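The sequence shown runs 19 to 114 under the working numbering.
Because the hints were derived from the structure by calculation, they are not lab data.
Some clues are possibly wrong.
[Stated by the list, open to error] The list that follows gives simulated cross-link-like pairs (lysine-lysine, DSS-like), each with its CA atoms no further than 25 Å apart:
no.	residue 1	residue 2
1	K27	K50
2	K36	K50
3	K28	K50
Treat the numbers as computed from the prediction; the structure is a model and nothing was measured.
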Amino acid sequence: MFAERCGVKKLTQYNYEKGERHPDTAYLIAAKAIGVDLLFLVTGERSDEASALDVVRDEEEATLLTTFRHIPGETREVAQRTLAAMAEKKAARHRA
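Take the sequences, apply the hints, and build the full model.
Given below as structure tokens:
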């Protein structure tokens, strides 16, 4: 859960999201460590390095994206083609 990963309870996270409380520095550091765009969090504007792909559904997606970002270009292209082929194969099975 996102709140746990940032070191707070669910109610605290809820209060942050409602604007009733503001996160402290420790929370922001933890959020940044898991890939949150802090500029977007604070201002609603994306930083240059951020994109829609910075929003992930769960820890598994976050880990996959973090790993992908750390592999070199040529290997990254191979990984991207492999994932695309796997996704297409699954989609084709569902269409059949």
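Verification of the supplied hints:
1. Between K27 and K50 the alpha-carbon distance is near 18 Å, which keeps this suggested pair within the 25 Å criterion.
2. With a CA separation close to 20 Å, the supplied pair K36 and K50 stays within the 25 Å bound.
3. Only pairs whose Cα atoms come within 25 Å are accepted, and K28 paired with K50 is accepted, the gap being roughly 18 Å.
Taken one by one, the earlier hints all hold for this structure without exception.
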